[in-house]
Amino acid sequence: MLVEAGHFALALALGLSLIQFVVPLWGARANDPVLMSVAPTTALAVLACVGFAFLTLTYAYISSDFSVLNVVENSHSAKPLIYKISGVWGNHEGSMLLWVLILCLFGGVVALAKNTVPMRLQANTLAVQAAITVAFLLFILMTSNPFRRLVPAAAEGQDLNPLLQDPGLAIHPPLLYVGYVGFSISFAFACAALIDGRIDAVWARIVRPWTLAAWCFLTLGIAMGSYWAYYELGWGGWWFWDPVENASLMPWLAGTALVHSTVVMEKRDALKVWTILLAILTFSLSLLGTFLVRSGVLTSVHSFAVDPERGTFILGILVIFIGGSLALFAWRAPLLQQGGLFAPISREGALVVNNLFLASACATVFIGTLYPLALEVLTGDKISVGAPFFNATFLPLIVPLLLLLPLGQTLAWKRGNLLGTVQRLYAVFGASILVVLAVLAFTYGGPVLAPFGIGLGVYLVLGSFNEIVTRSWTRGKPLSVAWIKARGLPRSTWGTVFAHAGVGLVVLGISATAWDVESLGTMKPGDRIGAGPYQLRLERIVPRQEANYREDAALFRVDRNGRELGTVESMKRLYVTRGMPTTEAGILTFGLSQVYVSLGEMQPNGSVGVRLYYKPLVLLIWLGAVVMAFGGALSLTDRRLRIAAPARNRAAPPIAPVPAE
Amino acid sequence: MMIWVILMMMTALAVMAVLWPLSRAVAVAGQTDPNTQFYRDQIAEIDRDRERGTLLPEEAEAAKAEAARRLLRASGLKEGEAFAVGEPALRRRRAVSTLALSVLPIVALAIYGAYGSPHLLSEPPGAQLRQGAGNGAGNLDLGTAVAQIEAHLAKQPQDGRGWDVVAPVYLRMGRTEDAVKAYESALRYLGRDATRLANYGEALVISRDGMVTAEAQAAFQEALAIDNSSAKARLYLARAAEQDGQMAKAKAEYQAILSASPPDAPWRSFVQDQIARIDGNQGGPIQEVGERPDANAIAGMVQGLANRLDAQGGSPDEWARLMRSYVVLGQRDKAVAATKRAREALAQDAAGLRTIDAMAQDLKLTESSP
Numbered sequence: 022m023l024v025e026a027g028h029f030a031l032a033l034a035l036g037l038s039l040i041q042f043v044v045p046l047w048g049a050r051a052n053d054p055v056l057m058s059v060a061p062t063t064a065l066a067v068l069a070c071v072g073f074a075f076l077t078l079t080y081a082y083i084s085s086d087f088s089v090l091n092v093v094e095n096s097h098s099a100k101p102l103i104y105k106i107s108g109v110w111g112n113h114e115g116s117m118l119l120w121v122l123i124l125c126l127f128g129g130v131v132a133l134a135k136n137t138v139p140m141r142l143q144a145n146t147l148a149v150q151a152a153i154t155v156a157f158l159l160f161i162l163m164t165s166n167p168f169r170r171l172v173p174a175a176a177e178g179q180d181l182n183p184l185l186q187d188p189g190l191a192i193h194p195p196l197l198y199v200g201y202v203g204f205s206i207s208f209a210f211a212c213a214a215l216i217d218g219r220i221d222a223v224w225a226r227i228v229r230p231w232t233l234a235a236w237c238f239l240t241l242g243i244a245m246g247s248y249w250a251y252y253e254l255g256w257g258g259w260w261f262w263d264p265v266e267n268a269s270l271m272p273w274l275a276g277t278a279l280v281h282s283t284v285v286m287e288k289r290d291a292l293k294v295w296t297i298l299l300a301i302l303t304f305s306l307s308l309l310g311t312f313l314v315r316s317g318v319l320t321s322v323h324s325f326a327v328d329p330e331r332g333t334f335i336l337g338i339l340v341i342f343i344g345g346s347l348a349l350f351a352w353r354a355p356l357l358q359q360g361g362l363f364a365p366i367s368r369e370g371a372l373v374v375n376n377l378f379l380a381s382a383c384a385t386v387f388i389g390t391l392y393p394l395a396l397e398v399l400t401g402d403k404i405s406v407g408a409p410f411f412n413a414t415f416l417p418l419i420v421p422l423l424l425l426l427p428l429g430q431t432l433a434w435k436r437g438n439l440l441g442t443v444q445r446l447y448a449v450f451g452a453s454i455l456v457v458l459a460v461l462a463f464t465y466g467g468p469v470l471a472p473f474g475i476g477l478g479v480y481l482v483l484g485s486f487n488e489i490v491t492r493s494w495t496r497g498k499p500l501s502v503a504w505i506k507a508r509g510l511p512r513s514t515w516g517t518v519f520a521h522a523g524v525g526l527v528v529l530g531i532s533a534t535a536w537d538v539e540s541l542g543t544m545k546p547g548d549r550i551g552a553g554p555y556q557l558r559l560e561r562i563v564p565r566q567e568a569n570y571r572e573d574a575a576l577f578r579v580d581r582n583g584r585e586l587g588t589v590e591s592m593k594r595l596y597v598t599r600g601m602p603t604t605e606a607g608i609l610t611f612g613l614s615q616v617y618v619s620l621g622e623m624q625p626n627g628s629v630g631v632r633l634y635y636k637p638l639v640l641l642i643w644l645g646a647v648v649m650a651f652g653g654a655l656s657l658t659d660r661r662l663r664i665a666a667p668a669r670n671r672a673a674p675p676i677a678p679v680p681a682e
Numbered sequence: 138m139m140i141w142v143i144l145m146m147m148t149a150l151a152v153m154a155v156l157w158p159l160s161r162a163v164a165v166a167g168q169t170d171p172n173t174q175f176y177r178d179q180i181a182e183i184d185r186d187r188e189r190g191t192l193l194p195e196e197a198e199a200a201k202a203e204a205a206r207r208l209l210r211a212s213g214l215k216e217g218e219a220f221a222v223g224e225p226a227l228r229r230r231r232a233v234s235t236l237a238l239s240v241l242p243i244v245a246l247a248i249y250g251a252y253g254s255p256h257l258l259s260e261p262p263g264a265q266l267r268q269g270a271g272n273g274a275g276n277l278d279l280g281t282a283v284a285q286i287e288a289h290l291a292k293q294p295q296d297g298r299g300w301d302v303v304a305p306v307y308l309r310m311g312r313t314e315d316a317v318k319a320y321e322s323a324l325r326y327l328g329r330d331a332t333r334l335a336n337y338g339e340a341l342v343i344s345r346d347g348m349v350t351a352e353a354q355a356a357f358q359e360a361l362a363i364d365n366s367s368a369k370a371r372l373y374l375a376r377a378a379e380q381d382g383q384m385a386k387a388k389a390e391y392q393a394i395l396s397a398s399p400p401d402a403p404w405r406s407f408v409q410d411q412i413a414r415i416d417g418n419q420g421g422p423i424q425e426v427g428e429r430p431d432a433n434a435i436a437g438m439v440q441g442l443a444n445r446l447d448a449q450g451g452s453p454d455e456w457a458r459l460m461r462s463y464v465v466l467g468q469r470d471k472a473v474a475a476t477k478r479a480r481e482a483l484a485q486d487a488a489g490l491r492t493i494d495a496m497a498q499d500l501k502l503t504e505s506s507p
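As given, the protein sequences belong to chains A and B, one line each in that order. Position one of the first sequence corresponds to residue 22 (my numbering), numbered consecutively onward. Position one of the second sequence corresponds to residue 138 (my numbering), numbered consecutively onward.
Think of the hints as simulated: they come from the structure by calculation, not from any bench. Treat the numbers as computed from the prediction; the structure is a model and nothing was measured. Treat each hint with caution, since some may be false.
What the hints assert, rightly or not - Straight-line Cα separation of at most 27 Å, DSSO-like style, residue types lysine-lysine; simulated pairs:
#1 B:Lys386 with B:Lys477
#2 B:Lys388 with B:Lys292
#3 B:Lys477 with A:Lys545
#4 B:Lys369 with B:Lys318
#5 A:Lys435 with A:Lys506
#6 A:Lys435 with B:Lys201
#7 B:Lys386 with B:Lys292
#8 B:Lys201 with B:Lys369
#9 A:Lys506 with B:Lys201
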């Protein structure tokens, strides 16, 4: 009965969204405050309906109600509670419901932000949001209904894909979806601005927190997904240029550009049309990401949603929203008031360069991801575009961007001074070159390019913090004064510094993968295998029986120079209901480095294939992403009421006169 | 009935959510305009920054001038934006109310009627509850029981009775391969009695999609050797004869089962149907009663596979599948022809030929092959 009520609530949400779409638009057009005020209440009502539907589905999962088809297909009564809950979004139907729930959640927050958002903007934004909600609710109800019943009820469920029975899955999709869907707010605001024909710094200030929050979540979501693939898929890689990963990277790149261009708009009231276009493109790429994953046009590790029929529906949604918004852009953008011009050597000029590079990088990923699909559709040839393509196209775009990053961060608004900026970074250049030389000397005969990568990472981290130093420390003054000044700097400055330092940490982690050591072996209990400074001894292999799987666990003892450091376990599991084997890697962390061991085939004579990696500094890859997201969050807490003041008379002030960012 | 009351209340609440703001007089005048407020805040912030020393006085002046310019522009925009009130507004409000009162229930009921399962609700709630509760409890018991037996068997794999108990459960859960293995273990540890052998044969047949393989046939024959009254074994042997294309033999066997079984035996009507079918379409495709409602679709699929293999060739496994499909459909002559074509197509492929030979042997197609 509860399930049926949840189903009905979803249908009700569709009706409410239709009203939320039509009435506020009408109100804004007729300039009628009463009609516009329908938007917030209906948005909250839609949120209540979808939230209720989601709760009933979750309840069906928890109580193992096998009269619901979706539960039968993706759950099992013997599954642990956490995977019963995470199983709700571990499948196509449920994850789409989560997508819409997050969409409505954002709509609800916009509805509650009454005093910060002008009424017309709010009404138009919520109307655009409602249009997206209508499309996705129709999609859910018509092609992927999680509430479909099974009569008579099944005796037992078919269990969740074992690869997805993992804490990572409980966190990864919600984070990623908050990121994807968060950009829908920027999109809705952009469309609202186009509909209203008005855009200014207030718009930028209202949009920026949403963009930033979405960006933080997307960053964390991608990092989480990468770490999940690293430990669950069992071959120690952390990024595969898999189309599904690219699908989340594209909105991230576009979103990163958007975060930076809204700064220019907020401070200098410029770059308006480009920002609007970016907002539209970012969400379009999010939609495309959803399409790529959900339609099953790709066959990849994420192939748990393969259904071409749904693909056509999502394709329709894509065409309507991307095509529609771009058409709206083409029609209305020329009417927008253009912003001011600015000098090329300035903070805003640097941000334009940043946008150009990020957009180009995004385009290369786009081509590399979609070209094989287009080729297959047109000619039937199947080609695969992998790491070599992206290394050859993506890296040459990203490395110059990273090299310019500290420079741009140090430049002043409006009128920058390149020479002065470079001078302020002398110490950073020097330190980075020293690091490169030191690493080259220590690892002579090893990888050639990796030391330069390390140097780049150090340069980014030091370059980011250099801003704090130059703005708060003066020669001859005590450190305590510098500390007080540094603490007085705006939070957004600190946020920038942390986010950029996070990029540096990621670069460090990626560069260090050049020193990975891999060993393969077939081992019996008592055998030893080594990688890097670590030695592993296979102690024993124990079979175990758990509620919904059985496994062979291999226990290893880890030594370094004969000293025991601990034990690590790696498992080979068989999930009985689906008859599907999985590998659980054993990971032991030492500082920022990891020892990673995964099992291969069990031989009949009792020996087992073992794959061992030593991965120095590998944790920095994900830690860097977390630091980036932290920087974004820090910037979110800033009041952000600063205006770009022209920096006059550069030589005179003891403090670098950069009031913003 | 209870559920309809709830659904009605939900609809009413949703309609209220739209009607409520319409009934409110919006206090527009008192609200500060966020547009101009933003620039006022900005100017205040510049002052704060100057006091803290992060801005120099002349910079603060410049920034303030800029913010003031924008403030002027923003307040200028506000003019001519008087909110619409009066008679047209009232009419619009009525239109929206009508919209909410009509669109919401219609859309919700239409969509729910099309995709929901309201017939599940029209059952008396008592039955629904009992069924649900029975199911839920049954599920848990079955699931945990299987898990317990599996845990026990992992420790004591020699316990034949455990295998005997779990095998039919596996079969019911659709884990046919596990059921076959469980019966094999049960046979090993508890001995080969007629019922168990017949059940084992049945599991084999189900695991091969209804095909009575040579292995299964051997099991049924062994069961009959022990106890020649085993109806299950005889039924499946009759079906084997039918799948081999020996219709007369199959029919005779079915009639023998019929005459040997008591008048109230549950399989009588099934056997009679089989005989009627053999009489009805001699040599035609077999229609499994109840199991495969759409034999034409299956025959079409098989034909498609055959056409593709003839035109483009295919893997040994695909050829083997075609052979088996024909046998299951009762078209032995076509199966033999397919075997011949497969041997020609795969003449260069030694491993492939072995697959085809093994399948031919399994399907007893060997005698007619060259």
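What hint numbers does the structure not satisfy? 2, 3, 7, 8
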